[in-house]
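S.K.: Here are the chains, one letter per residue:
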Amino acid sequence: MTATGSQEPRNRARPAPATAAGTDLAGQIALVARGETTAFDAVFEQIGPSVFGVVKRVIRDPAQSEEVTQEVMLEVWRSASKFDAGRGSATAWVMTLAHRRAVDRVRSVQKEAERERRVAAAEIPFDEVLEAVESSLERERVRRCLGSLTEVQRESVTLAYYRGYTYGQVASLLGVPTGTVKTRMRDALIRMRDCLGVAE
Amino acid sequence: MKLTRQSQIRDAHTLAGAYAMDAVSAPDRERFEQHLAECEDCAQEIASLREATAMLGAAAAEPVPAGLKERIMAAAAVTRQRPPADETEPVPLAHGTWARTGIWFRSLAWPGRLTLATAGAAAAAVLAVAVVFGVANSSMQQQIDQAQASSQQIAVVLTAQDAHMTTGTVAGGGTATIVMSHSRHALVFTAQGLHALPGSRGYELWLIGPGGTRSAGMLPADSHGMTGPVIASGLRPGDHLALTAEPADGSAHPDTPMMLDVDL
Numbered sequence: 000m001t002a003t004g005s006q007e008p009r010n011r012a013r014p015a016p017a018t019a020a021g022t023d024l025a026g027q028i029a030l031v032a033r034g035e036t037t038a039f040d041a042v043f044e045q046i047g048p049s050v051f052g053v054v055k056r057v058i059r060d061p062a063q064s065e066e067v068t069q070e071v072m073l074e075v076w077r078s079a080s081k082f083d084a085g086r087g088s089a090t091a092w093v094m095t096l097a098h099r100r101a102v103d104r105v106r107s108v109q110k111e112a113e114r115e116r117r118v119a120a121a122e123i124p125f126d127e128v129l130e131a132v133e134s135s136l137e138r139e140r141v142r143r144c145l146g147s148l149t150e151v152q153r154e155s156v157t158l159a160y161y162r163g164y165t166y167g168q169v170a171s172l173l174g175v176p177t178g179t180v181k182t183r184m185r186d187a188l189i190r191m192r193d194c195l196g197v198a199e
Numbered sequence: 000m001k002l003t004r005q006s007q008i009r010d011a012h013t014l015a016g017a018y019a020m021d022a023v024s025a026p027d028r029e030r031f032e033q034h035l036a037e038c039e040d041c042a043q044e045i046a047s048l049r050e051a052t053a054m055l056g057a058a059a060a061e062p063v064p065a066g067l068k069e070r071i072m073a074a075a076a077v078t079r080q081r082p083p084a085d086e087t088e089p090v091p092l093a094h095g096t097w098a099r100t101g102i103w104f105r106s107l108a109w110p111g112r113l114t115l116a117t118a119g120a121a122a123a124a125v126l127a128v129a130v131v132f133g134v135a136n137s138s139m140q141q142q143i144d145q146a147q148a149s150s151q152q153i154a155v156v157l158t159a160q161d162a163h164m165t166t167g168t169v170a171g172g173g174t175a176t177i178v179m180s181h182s183r184h185a186l187v188f189t190a191q192g193l194h195a196l197p198g199s200r201g202y203e204l205w206l207i208g209p210g211g212t213r214s215a216g217m218l219p220a221d222s223h224g225m226t227g228p229v230i231a232s233g234l235r236p237g238d239h240l241a242l243t244a245e246p247a248d249g250s251a252h253p254d255t256p257m258m259l260d261v262d263l
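Going line by line, the protein sequences match chains P and W.
FYI, numbering that gives the first Met the number 0 numbers position 3 of the first sequence as 2, with every residue one higher than the one before it.
FYI, numbering that gives the first Met the number 0 numbers position 192 of the second sequence as 191, with every residue one higher than the one before it.
Don't read these hints as lab results, they were simulated from the structure.
The structure displayed is predicted, hence computed values, not measured ones.
Treat the hints loosely; a few may be bogus.
[Unchecked claim] A short, non-exhaustive set of chain W residues, derived as facing chain P with CB atoms under 10 Å:
id, residue
1, A22
2, E50
3, A57
4, A75
5, R81
6, V155
7, M225
We treat Cβ as the ideally placed atom computed from N, Cα and C, and that holds for glycine.
Here chain P stands alone, though its shape is the one from the complex (with noise of 0.2 Å):
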């Protein structure tokens, strides 16, 4: 993890800390590795209502996000070692297992069916995701960066973060060619990023 020698990993600006909350959560995740349980309870407690949010977000069912839950956070504490921080940050890192653990569980075969029907029940419309990111001063700027976007670029990041679909499903939901949500996703996410002041 640590470069020895003169080879200085090759440094991209260094992604400032994403949230307050991320305050030194790559220093506990540094004590993590070497096994310091207090330093994993610590980072549990800022990012485990992170994980489990957006676990949740994706999942739907409580029960199942809790299990989700408890494998992202089983994995930050078994591979607490291979965190870089010089790849971007630690809240990045973590957030990034936990979605795609998220969405690798509504995407297993057995599981879709079942989560069609929860869902076919309960459409999500843009409205509910901002209601559900308001309060905090930093959900308020991601709500003012998502309301930054064009509607097409919006839907298809609500739809495939929240979510979890994938471009193509994206394309047949809005009726979009395939070319064009790939497009509004990459310009979408690149402007977020540049509305939330996380450097490249």
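Got chain P sorted already, so can you dock chain W onto it with the hints?
M.R.: Coordinates of chain W only, in the frame set by chain P:
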């Protein structure tokens, strides 16, 4: 040819947003990751986009259900951590610990569908949590009672620095989960779904290796389909673990065909 290659690259570039949101199918993901491996700019772009998606995720934060943190902390306490990379020297082979890193990762990786509550393969881990933290539910109580005398030894094996887990399928039915520690010269054996034997017969565990063939004891009767945990001590390098059906009071030598034979 060149145009095709360029259009493939362009295509891969446009996938960055979808990829950063996990909005790609499995084949697309694989294709894009191949591209990422040889495109430093793309890797940087993905890293920066993930800072944005992390914010989207954090914005969805909600209170964690009661008890979840405690379960996670308990599970972490009995889950071995991956070692950091060491590029200056080859992985040590002392005690054979790292020799089966691959097996360790496969078996303890908490694969996608595994949950502590349901997975038979995690039986040992569940029991470890229960034994160490005293949070057993009623269906576990019987195993816990049986394990009481040896629970200390079991905890020692399960929490050993070099503990690793392997599983095996028992001929005739059932799955065995073995957590072993060469530094502690012991292993913990549990099984799920073993075929019931007539009363006159019982399952016997054996350690077989350069040190000879030693009985590691009879398995207790199963309870709700779960057998054990039992501790087998006297583990030596090069041993395998075998399981046979023997007369209920045990044999001096394994007589019947091996129903399980696991390298340790």
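S.K.: Compare the structure with each hint and give your call.
M.R.: Quick rundown of the hints versus the structure:
{"no.": "1", "hint": "A22", "result": "holds (4 Å)"}
{"no.": "2", "hint": "E50", "result": "holds (4 Å)"}
{"no.": "3", "hint": "A57", "result": "holds (4 Å)"}
{"no.": "4", "hint": "A75", "result": "holds (4 Å)"}
{"no.": "5", "hint": "R81", "result": "holds (5 Å)"}
{"no.": "6", "hint": "V155", "result": "violated (17 Å)"}
{"no.": "7", "hint": "M225", "result": "violated (20 Å)"}
The structure does not agree with the numbered hints 6, 7 stated previously, though it agrees with the rest.
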